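Number of protein chains: 2
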Amino acid sequence: MILEKKKTFNAFAARQGLRSTRQRDIILDVFLATHEHLSVEELYLKVKASQPGIGQATVYRTLKLFVEAGLAREMMLPDGQTRYEHQLVGEHHDHLICTGCNAIIEFEDEQIEQLQRDIAKRHGFSLTAHKMQLFGLCPACSSKA
Amino acid sequence: MILEKKKTFNAFAARQGLRSTRQRDIILDVFLATHEHLSVEELYLKVKASQPGIGQATVYRTLKLFVEAGLAREMMLPDGQTRYEHQLVGEHHDHLICTGCNAIIEFEDEQIEQLQRDIAKRHGFSLTAHKMQLFGLCPACSSKA
DNA sequence: CAAGTTATTGAAAGTCGTTTTCAAAAGACC
DNA sequence: GGTCTTTTGAAAACGACTTTCAATAACTTG
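So the protein lines, in turn, are chains A and B. Residue numbers for the first sequence follow the working numbering, beginning at 1 and rising by one. Residue numbers for the second sequence follow the working numbering, beginning at 1001 and rising by one.
Keep in mind that the hints were calculated from the coordinates and are not lab data. Treat the hints with caution; some may be incorrect.
[Said to hold, decoys possible] Distance condition first, Cα-Cα at most 27 Å in a straight line; then the derived DSSO-like pairs of lysine-lysine:
| hint | chain 1 | residue 1 | chain 2 | residue 2 |
| --- | --- | --- | --- | --- |
| 1 | B | K1121 | A | K131 |
| 2 | A | K131 | B | K1064 |
| 3 | A | K6 | A | K64 |
| 4 | B | K1131 | A | K121 |
| 5 | B | K1131 | A | K64 |
| 6 | A | K144 | B | K1121 |
| 7 | B | K1007 | B | K1064 |
| 8 | B | K1131 | A | K144 |
| 9 | B | K1144 | A | K121 |
| 10 | B | K1144 | A | K131 |
| 11 | B | K1006 | B | K1048 |
| 12 | A | K131 | B | K1131 |
What you are looking at is a predicted structure, and each value in this text was computed from that prediction instead of being measured.
Whole structure, please, built from the sequences with the hints as guidance.
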């Protein structure tokens, strides 16, 4: 699966005439090795561990490439940092977020998606994307409160 | 309706021991007089028209008060600016956004809300809020493209 | 494989929305 | 009116992100 994603990126890079660099390889490795919703800063710190000389700007630039290549997705939480998560082709999930401990649970609901398409249709829109976030307290945090 | 909202704010101010100032009155008037999804900058410009001496910081501060008072709601679009919209008590709507012309259409769907509650329940969450944004092209923009 | 071309990099400066600081001004309460 | 405290405006600070730019590294061509 990781290899597949690397191939996806290489194909994208070739298509765009991008050069293959040590930095991009490392950032891709680190990104693929994690399964959290990482901010650029967090990713930068992880990357620096295996390659101290690397610059923040490069991490920012490379993550945008991953999004273009279709293997990452940006997500904006109210904390003011852009986070990136893995994007599997055709997959699209939404988030249930605990406002107590910031835990994020992913989910997908075909019924909701269908209703979303209905709404768009009703307004004559051609739907291209959606974002849905549910906020609340996870079981642990609600018992604490 | 505008009077009602003013009362809401005054009640909130009294409860919090806030002083009533000319600036806050003006900002509230301007905010209530518009029905778009205004950014702070846009609101600031409108406010300055009726009160040139007013500072941006005051507008920022006052909008946060409106949110606390429950009569405004923050919304973050991908354009990097926080926008504010009216919040009627108990009301909660979602947005259909045209990525061509940035038009925003509001909607509400009880079926989706119910499904959202189901999902939260399934994960043991106590739901407090949600955000849903659908992105696409409006009829005008899709015929242009 | 050396030389030339062009993309990429890291560091630092720049942006931009928003927040904080701080002294002056204005409300509230005697 | 005098005192105490909140609020204000201007400017500085902040933080996430982007851009700039000279140096470096990756392809390309001869």
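Okay, the hints, checked on the actual structure:
Between B/K1121 and A/K131 the alpha-carbon distance is near 20 Å, which keeps this suggested pair within the 27 Å criterion. For the hint linking A/K131 to B/K1064, the alpha-carbon distance of about 24 Å falls within 27 Å, and the restraint holds. With a C-alpha separation of about 15 Å, the suggested pairing of A/K6 with A/K64 holds against the 27 Å cut-off. As the CA atoms of B/K1131 and A/K121 are separated by approximately 20 Å, the hinted pair is consistent with the 27 Å bound.
At most 27 Å may separate the alpha-carbon atoms for a hinted pair to count; B/K1131 and A/K64 meet this at roughly 24 Å. Of the supplied pair hints, the one linking A/K144 and B/K1121 holds, its CA atoms being roughly 18 Å apart against a limit of 27 Å. Pair hint B/K1007 plus B/K1064 holds up; C-alpha atoms about 17 Å apart against a cutoff of 27 Å. Using a Cα cut-off of 27 Å, the hinted pair B/K1131 and A/K144 holds, with the two alpha carbons roughly 25 Å apart.
Between B/K1144 and A/K121, the direct Cα distance comes to roughly 18 Å. Compliance with the 27 Å bound is thereby established for this hinted pair. Of the supplied pair hints, the one linking B/K1144 and A/K131 holds, its CA atoms being roughly 25 Å apart against a limit of 27 Å. For the hint linking B/K1006 to B/K1048, the alpha-carbon distance of about 20 Å falls within 27 Å, and the restraint holds. Among the hinted pairs, A/K131 with B/K1131 is consistent with the structure: their alpha-carbon atoms are about 8 Å apart, no more than 27 Å.
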